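A.B. asks: Produce the complete structure using the sequences and hints provided.
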Amino acid sequence: MPTKKVATVKPKKEKKVPIIKELAIKRPPVVVVLGHVDHGKSSLLEAIKDFKITAKESGGITQHIGAYEVEHEGKHITFIDTPGHEAFSAMRTRGASVADIALLVVDTAQSVQPQTKEAILAIKTAGIPMIVVLNKIDLPNADPQKIKNELSKTEVFVESMGGDVPSVEVSAKEKTGITELLEMILLLSEIHDLTADTKSPAEGLVIESYMDSLKGPVATVIVEKGILRTKSVIATASAMARVKSLQNFQGKEVMEVRPGSPAVILGFETVPAVGEKVTTLGSTEEAITKLKNEKQKVAINYASTLNDPTKKVLNIILKGDVAGSVEAIEGMLKNLPQDQVVLNILKSEVGDINESDAKLAQTIGAQIIGFRVRISPGVMQLMRFDTQRKVRIKTFDIIYELIQEARNGMEKSLEPETVRTEIGKIKALIIFFGEKNRQIVGGKITEGEIKKGLKLDVIRGIEKVGAGKIISLQRNKKEVDLLRKGDECGIMFEGNVKVEEGDILAAYVEERQKGVL
4 MPTKKVATVK PKKEKKVPII KELAIKRPPV VVVLGHVDHG KSSLLEAIKD
54 FKITAKESGG ITQHIGAYEV EHEGKHITFI DTPGHEAFSA MRTRGASVAD
104 IALLVVDTAQ SVQPQTKEAI LAIKTAGIPM IVVLNKIDLP NADPQKIKNE
154 LSKTEVFVES MGGDVPSVEV SAKEKTGITE LLEMILLLSE IHDLTADTKS
204 PAEGLVIESY MDSLKGPVAT VIVEKGILRT KSVIATASAM ARVKSLQNFQ
254 GKEVMEVRPG SPAVILGFET VPAVGEKVTT LGSTEEAITK LKNEKQKVAI
304 NYASTLNDPT KKVLNIILKG DVAGSVEAIE GMLKNLPQDQ VVLNILKSEV
354 GDINESDAKL AQTIGAQIIG FRVRISPGVM QLMRFDTQRK VRIKTFDIIY
404 ELIQEARNGM EKSLEPETVR TEIGKIKALI IFFGEKNRQI VGGKITEGEI
454 KKGLKLDVIR GIEKVGAGKI ISLQRNKKEV DLLRKGDECG IMFEGNVKVE
504 EGDILAAYVE ERQKGVL
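Here our numbering is used: position 318 in the sequence shown is 321, and no number is missing along the way.
Hint data in this document are derived by calculation from the structure and do not stem from the laboratory.
Predicted, not measured: the structure shown is a model, and the values here were computed from it.
Warning: the hint list may mix true and false statements.
[Stated by the list, open to error] Listed next, the in silico BS3-like pairs over lysine-lysine satisfying Cα-Cα at most 27 angstroms (straight line): (1) LYS415 <-> LYS439; (2) LYS218 <-> LYS234; (3) LYS315 <-> LYS393; (4) LYS293 <-> LYS315; (5) LYS415 <-> LYS337; (6) LYS439 <-> LYS501; (7) LYS29 <-> LYS78; (8) LYS149 <-> LYS202.
C.D. replies: Structure representation (structure tokens):
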């Protein structure tokens, strides 16, 4: 197993306070599992630890982020399972922010998908090491080399192609390659020397929260430092608790949870927002004061963004089944990034969606979002007769999906962004002939890969002198679809400048991507 290049992976970006060695203990790595829907994330986790994750799924898509802990060679590893469907891009980003290592799961019988690219962006944004998991290797049409080539276009270069990202071939179905994957995770964990301070007050991050009809507010937390114990007073920016009960990922009661491990907490007065930091406080009074201060900050920030005339606004009406749900959802909505688009909650109240809500939405131009509520027959009749002023109404049973719907609405109002990706470079060695705006250029590929149709920048010295594109690509006088670094090639160049010997032809693609908050 190669180790030399793994060590070059950058650690997490966030600055950490140095830990005194006497207080530091080794902690389990927190591993986030990312990838496109149906590429085998949940099946991989099931294979790793014989835990029936798929039983908790709906329609083949994981509904909530879950945390699971396994043991390998006497060492523990905590896994976070994040949904791969496009609707949960925000959850994937949040999952990567709490993790130490990311597993990018790709189906070797398919290809790199848009959600795969989103996952890669989340990993790079978090600044954590990545392991590419080439799954479904047992299928007859599996092509791991094709996947590696496609990943290189997203600037993910695996070790076997001269890069520094480790990759492991697995079959979740056949349970092959699992041992190698776990060993690679533990190796990265050793390289990055993951430790935690157990003497300081416990802190963690909420990765899942919901309202249970019997248990009340429930939150899953990854403990980051300190030891979380029952009866502790804890608080987030939106909720507080005297911990009544701690459970591990299997639902078993425990008295304490150490760093790097997941904990299910019962005892919150309201549902905390996912992504909030959990801190331990000395008393209930201190927690109440902290909550009051945090809510004042949120109110001030929200008011300032709402009154900014330069920003776009998305108006919504929120209806919920109970006051606790409405309050929790409203708090989570206000925590969405609003530096580009303001989310204006016109009205939030308990009850079914009625005609008054629909008429207000028509007048103001708002979207109605409901949580565990019904749409009254009068609203349906109003929408049927007033076809000119239809109102967008959506109801949800899962808070995460509701929050993401609001996020999607905000992102739709943003202008799409053109993203340029560098693909490869050709050094022009000989110019055969040219006519009008076309030339045949012979050269050598010095970086990446080249294929027909790519756009080109013509670089002379250190300046861009023109632009064009590849009309055809040849090698040994034969048309080819793709050539890579080191290959000699001939291209039909079409552009606004005459290529000269020694010029560098930089190939790239441009993609229009939706706005992201």
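A.B. asks: Run every hint past the structure and note whether it holds.
C.D. replies: The hints, checked one at a time:
1. LYS415 <-> LYS439: Answer violated: LYS415 to LYS439 is near 43 angstroms, above 27 angstroms.
2. LYS218 <-> LYS234: Holds: LYS218 and LYS234 sit about 16 angstroms apart, inside 27 angstroms.
3. LYS315 <-> LYS393: This hinted pair holds, its Cα atoms lying about 21 angstroms apart.
4. LYS293 <-> LYS315: violated (32 angstroms)
5. LYS415 <-> LYS337: Given that 27 angstroms is the threshold and the Cα spacing comes to 18 angstroms, the pair holds.
6. LYS439 <-> LYS501: With a Cα-Cα distance of about 10 angstroms, the restraint between LYS439 and LYS501 holds, given a limit of 27 angstroms.
7. LYS29 <-> LYS78: holds (10 angstroms)
8. LYS149 <-> LYS202: Judged against 27 angstroms, a Cα distance of about 49 angstroms means the pair is violated.
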